[in-house]
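Assemble the dimeric complex from its two separately framed chains, guided by the hints.
Here the protein sequences line up with chains Y and L, keeping their order. Here the working numbering is used: the first residue of the first sequence is 2, the next is one more, and so on. Here the working numbering is used: the first residue of the second sequence is 126, the next is one more, and so on.
Simulated from the structure, these hints should not be mistaken for lab results. Glycine included, C-beta positions come from ideal geometry on N, C-alpha and C. Please note that the accuracy of each hint is not assured.
[What the hints assert, rightly or not] Looking from chain L toward chain Y, a few residues come up when the C-beta cut is under 7 Å (computed):
{"id": "1", "residue": "E192"}
{"id": "2", "residue": "D336"}
{"id": "3", "residue": "T408"}
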Amino acid sequence: MRPSPDASDPSQPLVEVQGLTRRFDVSSAWLTRVVRREDKRILSAVDEVSFQVNRGETYALVGESGSGKSTIAKMVVGLLPPSAGSVLIDGTDPARARGAAMSALRRRIQMIFQDPYASLNPRWRVADIIGEPIRTFGLASGAEVVKRVDALLEQVGLSAGDAGKYPHEFSGGQRQRIGIARALASEPELIVCDEPTSALDVSVQAQVLNLMRDLQRDLGLTYLFITHDLSVVRYMADTIGVLYLGKLVESAPREALFTRPAHPYTRMLLEAAPRLDGFGRVHETDGGEVPDPISPPSGCHYHPRCGYRTDRCDRDYPPVRALAASRVACFEAERVIEDGRASVPTTTA
Amino acid sequence: MAGDADSHAAGRAPGRAVSARATDDGEPLLSVSDLVVEIPTRHGTLRPVDRVSFTIRAGEILGVVGESGAGKSITGAAIIGLLDRPAHIAGGSVTLSGLRIDQLSERELRRVRGGRIGTVFQDPSTSLNPLKTIGDQLAETALAHLPITRHQARERALQSLVDVGIPAAAERLDAWPHQFSGGMRQRVVIALALIGEPELVIADEPTTALDVSVQAQVLTLLRRLCTERGVGVMLVTHDMGVIAETTDRVAVLYAGRVAEIGPTQRVLTDAAHPYTRGLMGSTPDTSPSRDIGDRLVQIPGAMPGLANIPTGCAFHPRCPSAMSICEQREPHTTELSDSAVRCWLHEDYP
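Bound conformation, chain L alone (with noise of 0.2 Å):
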């Protein structure tokens, strides 16, 4: 996973105050190693997310992808310490530029959340409070976190809103949120995750309401300002497209766990996990140079439900190419060239 260093090094800022805080291109930025969220029921533990391990460096977008059920919301949720009781993080660690951060009370994790780690998340009416203008949330959010005056945080605000493309921005600041559009809103909850200055930005699913002329520029916008800023973004969504436009690295997730993890690029056009395969060929596409054919792939089956994961490797069941071995034992992470898989395919059994 060396060989994608120099692609963000390029973007890393120029003059801002990140470089300070950025890791060395040796070291990642966000840590997550083997990380298990359970939640107690009456019937049972559940395991929504099973040792899942990853790492985001500075300026660098991590892909997390994975259908509903996959666990990579929750995973989002558990990095910023937004487990729903009773979900809560059951062994592995999070590590954010060397500090623990799964182990924080809930005071210091305020800290963190909105500073050190800025959140983008689906639905952009229920970010944003109705009952606040604009320029309020903000300039709140940049005094929270930054040692700045209410004057500097009111410009801070307004620069904010010229730099995710708000038309007029000096006049929308006072603005409440129902005044803006959809796409609108969205840029304003960029702008609000990035104001904190925050090393890294949680997006979970940011364009799934928004149609996709909209889409587009609300992507574009992400990725052009956490490359320049050398932000770390961790970009949840269910869209191979957006995937590969946007994504440096991927994750593809099933059942918790991660299937298979690299460069983007690689993993969809060189698929060493059969269920990564079998997303590609389900997914209809516009891209002229890919024909269609006659028929779409079928992985057959759905999603296991959480109380029902197989044994062995959790794709078995759907998976075209399972043996015998699948079923009983589940296949340990293979690291190959420049990705890492979860399938017996790539590796030796007894």
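If we strip away everything but chain Y, and leave its shape as in the complex, we get (with noise of 0.2 Å):
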């Protein structure tokens, strides 16, 4: 794909990302691999992930323990090198640019913790927290700054008398939305959400998503919303990705995906989520379990629990290609999505 001429086409995606990889190198030490005569293990956490967001739409990444979604994020805002591929902000490489462009991509950037209780200074007061990056990047200065300030806490539903406080003096969701307001301090264009609401209570949960997609309507924020929790998902993404052990099986606008899933593990997903009104429900479930990253199985990593596999499917990872609505890497997607959102068909083993 070629970098855009015009660096700011609003038609352009926002976010592109293409081939992107990262190994750790998690091998005992040099001696010790000697002496127990082991080889080297390498962890394949994000495995030639493509992708791209578009402007003033929210893309998910969905996915289980050990699938790479924190680890892509943290290569998105360039707080992680990638082994491979690469990610362009609006035409900018985060991993390569220097400088000033650097620093300008960083204003356009931000990101939302899971955890408020640990992603903000206890010795700052919120004034602080909030105020820094205003001041960092030269978007105000003196008493500007603290209307600033005012003006972030009242659009997160906080009041400007909180600015002399400090963190402890707030609730769980409270520092959330202090978290947000740092983040909209720079005015940015993208934030990256990790888990952003996985350690809040459920109504707590409700009153931040809404306000995220208020300000997502009001500001024309774009999002790369990162969680595991398909129900929040569902409400708040455009387009949603799903990771399997670093590989990236699906990708669908969120109707196509929640009601024809192309792909064995999203079906699977879907089917053992709980639901609201599954009363007695018996799940079908494939009975496995995520398998160790470091060895993942051959060819399709997902072939020992898939109900679908052929015998093709532990010889090669099937491609990404387009099928109806979803992007998906699977051999038999056709009879995935023909079967719908109904029974998922378990293996005999």
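And the structure:
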């Protein structure tokens, strides 16, 4: 894909992720390896992942533990360099940008973290926490900063009077609002949200999710939303990417994914998620668990758990292809789509 | 609350020792009545559990749901005598098959725990002893609570691993906890909870640490084993979806009090308490039949801290239907057709 000639062309996606890969060396120490005759152990946390995020939309990455979703988030904001592949934010690669270009990019990307207790400095007043990005990026100075902080606090549903308080004086939900206000302070275009509500109670989660949607509408924000929770995704996302062991197995618009999943893993996830009207429902799960990511199964990583598998599934990794509304990596996706969201065929071992 | 008697009668275990101990249909297995837990502090006495009452029948799963600070875990801890000092039971009673268990000595309690009441906690990696093999831990628990020999205990340990669906159980008996995945560990914890042939299992957020596909497996397993054996379950969770799919009845807790209790389907589809309605509306859902709509229902504010529980009905500052009486006086428990609710909307007031 060629880099866009006009960096701010609104028809171009804001984020383009191409062949993104991140490997971690998790081997024992050199001498231990020699003594125990071990090989190097390489963990492919993210493997050849490609997707794009359109301006003003929410792209959600969903996956269970070890799927690589947080690693992707870190690479998108430039906190972790990729082993291969690239991230382009409005045509600029955060892993390669230096100096003024990097600083300009940093202002345009912000992050909201999972734990509102760990992500705010307990020794700083709220005014300093939210004011720091404003000063750092030179967006305002002096009394202007104070005014801006007050406005931000009110925008996220707190009051200007809270500026002088410390983080410990707030509840979990209020702290997450402070985290959101800090993210908004640099007037960003892209906010990467890593499990922003999974530490919150459900009534507070609803407040924060509603707030995030209002802010998106009012400020034209673009969200990259990382979560394990399909129900939150259904409420927040325009497009959803499903990750399994570092691979993007399916990417589809929300309605398509929830009504006609194309990958057997997506289908199993939807089946396994508890439903508010699922009284006495008997789950037909595949009985499996996410395998060790250091030595994933051959071919398609999902094949040992898959009810649709055929002979070639353990030999070849299926290429990503477009099918109906989805982009899916499965040889048998036609059959999966046809079955819709009914019962999941279980493997008989 | 008599309407659901047949549902668990059908699940009564055939041919297990439990049937001899199980109580009559009329009498509940566990009866918690006006339970009060207090914590004395320098700034006054806190009440994390305030006159909580519920019953669990043999083979029935009661869900206890609420947000953090609702008092659901501490209620479970009070029942099995695991309250951390200085928290203590300050009133009410806990009766298990006719025996008061809230006033037992520590020595007597040790026989109840693991023997008559099994427990499953949230984090499977801290519930197992990392220095003992799975088989030893299971056999040790069986030996402590059942009149059997060492050899029989080991056989029971093996059978219990088979029952919870551990593949190649015979080879895994001498494995260590760290050699199991998270989901497999939680299966072992369930085996451990059931090996002493308890009448009641208290499961406190048993699947919160697990991935969604594994959660479904573990809950299905817990439900199947307990109904088959006629074991009553108190399932503590914050997840309304888990409540809907797993439990027979549900108690909704708010600020240490039971807001509403009744058959799960009835309470979730036709909630009588504004808090239950708010909880349902604020929970996003994946069910194809539920329209997600444009906005989630918001309950303003957050659960109050124990030191400043509002007067009258504790929910009134957040309640969309609050009246002046709600602030002044606490509502009583009102019996509806098959459920019970604590709310002035359902009570005649002076």
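These are the hints, each one checked on the structure:
no., hint, verdict
1, E192, "holds, 4 Å"
2, D336, "holds, 4 Å"
3, T408, "holds, 5 Å"
Checked against the numbered hints given earlier, the structure satisfies every one of them.
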